[in-house]
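*Asks:* As a plain string of letters, each chain reads:
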Amino acid sequence: MGRFFARTVGQVAVFLAFFAIWEVAVDALRIKPVILPAPSLIFMTIVKHWSYLAINSWPTLLAVGGGFLVAAALGFAIAVGIAYSRWISDLTYPFLVAAQVLPKVALAPLFLIWFGFGLTPKVVIAALIAFFPIVINTARGLVSVEQELVQYMNSLGASWREIFFKISLPWALPYIFASFRIAITLAVVGAVVGEFISSDSGLGYVISYANASLDTDVMFAGIFVLSALGVALFLLVVLAERLALSWQAAVEAAPETL
Amino acid sequence: MPAPEIRIDNLALGYRTSGGPVTAIENVSLDIAPRSFVSIVGPSGCGKTTLLKVLSGVLKPTSGRVTLDGTPIERASLSGQIGYVFQKPLLLPWRTAIQNVLLTTEIARKDLALSARVAEARRWLALTGLEGFEDRLPHELSGGMQQRVSLSRALALHPSILLMDEPFAALDEITREAMQEQLLRLWSLTESTVVFVTHSISEAVLLSETVIVMSARPGRVDAVIEIPFPRPRDEALRGSPAFTELVQQIRVKLRHSQNGAGGPA
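For the protein sequence lines, the chains are A and B, in the order given.
For the first sequence, the numbering used here begins at 1 and goes up steadily by one.
For the second sequence, the numbering used here begins at 259 and goes up steadily by one.
One chain only, chain B, in its complex shape:
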């Protein structure tokens, strides 16, 4: 199954608040190549999460459209083509690790036999290094392990698109770096296109083919930056001058777009 292309066309989303109408995102047009890894960085309130919610079909845009190889995104989501990893693991506390992983396929892959879904769940737990922890409840797992269960839950769907909303933001630095490398390894095993929202510029540069810088209020695409480093990328890259320079370059752009929106928040 070749991974489909994501096409975002002139997207805008506004909503009403008690303080009047707010435009969360506006004029967002992007083409995301099949099997690519795209990160979105931007100041708080630039509509990064809103954009992910539109991509997952959870929120309906006010205007514009998102298609996956020509299919409207809501329909792609209903067929279980979209995996979502939240900032918090959001596991069900009464379900064991493997039962939590099974939640998505239970709903979106009813055509598969239970044994096949269980095998798939086991496979992803093993790949994320949780072999032997299948029958543990979430509170028996560390924060990093919980987030790996959450990642397995998304990957077990074999999603065309994997949406990740600051998934490592709540983890300590060492765990976060280990998770970044693990994510790259897992991604190479899949056909998925990853759209990754983060606050960390170095995280975006390390992981992505393309980094999208957004400006705040309303959220707009400010810059699209290609990351040229070859894969596989590893620990050595983090320390290289080219890496540091690119991070700095994006930081300047980000600061610029923040100032453009009325100064730092």
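Looking at chain A on its own, in the form it has when it is part of the complex:
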């Protein structure tokens, strides 16, 4: 407990030191606020524009959450197909690998043409970016099950469902949650890119609109709120992981992630 406390204090201290150096540097080097506002100014801007930022957090949160959930559902379903069907695996794997190399944000303008200017294209972009690590990690987790044990359970007459729910799925959960951690941060990127390109709401819109009018302090306020949102969502995934994998907390070796 003492070590945990000391570590937390240390981590907070690093943040404070970062902002302190920033504050002092801006003042000492007489950097104009339009180039780089001091942290104190950014915090005051956040307080001043609080309701504006809060209202615009909503669409971003919906796009990130929606995109993540779509990616998780689709990614899981396809991963199950890849893990259990040689046929599906052989057919889709090259495509998935090729698609993963493609910079998905490059498709964002296209989705705006296809899906209009509302929430839908942002959800689609967020989902598309978050999808790949989920598919690949989940499939890998499902395949990594001890085959000898599965074969023996099969010979004892275990049904497909019994093997899946008693062995394979819990076995793959650490891999799945590792991919969720990556996916949630990628979903934030996807949603904001969508908002950058065309939007009249959301934190991405706040940042790009402030950029156009050179309100650098508002830009930074948007970036800070966006970061806070991303961190909160990430911690939510970590919390869900802790709840689902309480047995793993004590096991040191976490599976490697993508």
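Keep in mind the hints are simulated off the structure, nothing from the lab.
Careful: at least some of the hints might be erroneous.
Distance ranges between label pairs, derived from CB positions [what the hints assert, rightly or not]:
(1) 323/B with 93/A: 35 to 43 Å
(2) 5/A with 389/B: 37 to 45 Å
(3) 144/A with 323/B: 46 to 54 Å
(4) 440/B with 101/A: 54 to 62 Å
(5) 431/B with 9/A: 31 to 39 Å
(6) 93/A with 333/B: 35 to 43 Å
(7) 428/B with 235/A: 49 to 57 Å
(8) 390/B with 47/A: 52 to 60 Å
(9) 90/A with 428/B: 34 to 42 Å
(10) 11/A with 394/B: 46 to 54 Å
(11) 90/A with 431/B: 25 to 33 Å
(12) 144/A with 440/B: 56 to 64 Å
(13) 303/B with 240/A: 44 to 52 Å
Calculated Cβ distances over 12 Å to all of chain A for the following chain B residues [what the hints assert, rightly or not]:
(14) 276
(15) 293
(16) 294
(17) 315
(18) 321
(19) 322
(20) 366
(21) 380
(22) 381
(23) 412
(24) 427
(25) 431
(26) 433
(27) 474
(28) 488
Predicted model, so just to flag it, every value in this text is computed and none were measured.
Don't be surprised by glycine CBs; every beta carbon is placed ideally from N, CA and C.
Please arrange chain B on chain A, whose structure you already have, making use of the hints.
*Replies:* Showing chain B alone in chain A's frame:
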């Protein structure tokens, strides 16, 4: 319930690899008496594990058959008559010791009430010396303890046949010797026939009624050696001249069959 006889009749199993077809085992015929303890020794790659997998119904032979009192082995396996202990414990890390033991009966003994299955699991954990560790997760147990959970998981089925694939190979020597004696004690409480694969000749001699020496590529039965020592066997037997002599005799046979297959691997 009298333990059934295992009859292995002209068994062969081949499979394809990128390097062409491989015959893993060939021409294996054996009768294994009810309630006996049979060990299989042989050089690496002689198809020992393949033979166990056929006996458990996991692998289908290319030709020949295995029956348990006249019933095809796959059917016996489906009715939960076969227990399997692997080289690694292969426990589910999120399940406690007792939940791991319950895994086999959960699948193959659905006719039994949960309370009966739990009582049975507790009994075997206690018999393997794990009383008080029922609610521990596998990573909280030592390697030897994990393997005892794995053994309890197999025994909780009350299997007619207990198949063991080098179950003590990964343990240190002291733990291994303790486990061997414990296995003999547990076996005397059951009706099970044990088929035990091992690399260790002295382990095979200490434990078994019959030691089967297999030759490599393709795996064939090279010699069947009866072990005459009376039971219960204990620590004193390991040091006796008769024991050492028999071990040496089997070692010579094993070396011979290895040379016959193209020299030591």
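*Asks:* Against this structure, judge whether each hint is valid.
*Replies:* Here is how each hint holds up against the structure:
no. : hint                         : verdict
1   : 323/B with 93/A: 35 to 43 Å  : holds (39 Å)
2   : 5/A with 389/B: 37 to 45 Å   : holds (38 Å)
3   : 144/A with 323/B: 46 to 54 Å : violated (34 Å)
4   : 440/B with 101/A: 54 to 62 Å : holds (55 Å)
5   : 431/B with 9/A: 31 to 39 Å   : violated (49 Å)
6   : 93/A with 333/B: 35 to 43 Å  : holds (37 Å)
7   : 428/B with 235/A: 49 to 57 Å : violated (40 Å)
8   : 390/B with 47/A: 52 to 60 Å  : holds (58 Å)
9   : 90/A with 428/B: 34 to 42 Å  : holds (35 Å)
10  : 11/A with 394/B: 46 to 54 Å  : violated (33 Å)
11  : 90/A with 431/B: 25 to 33 Å  : violated (47 Å)
12  : 144/A with 440/B: 56 to 64 Å : violated (32 Å)
13  : 303/B with 240/A: 44 to 52 Å : holds (46 Å)
14  : 276                          : holds (17 Å)
15  : 293                          : holds (22 Å)
16  : 294                          : holds (22 Å)
17  : 315                          : violated (4 Å)
18  : 321                          : holds (20 Å)
19  : 322                          : holds (18 Å)
20  : 366                          : violated (4 Å)
21  : 380                          : holds (20 Å)
22  : 381                          : holds (20 Å)
23  : 412                          : violated (9 Å)
24  : 427                          : holds (14 Å)
25  : 431                          : holds (25 Å)
26  : 433                          : holds (22 Å)
27  : 474                          : holds (22 Å)
28  : 488                          : holds (34 Å)
Of the numbered hints given earlier, the model fails hints 3, 5, 7, 10, 11, 12, 17, 20 and 23; all others are met.
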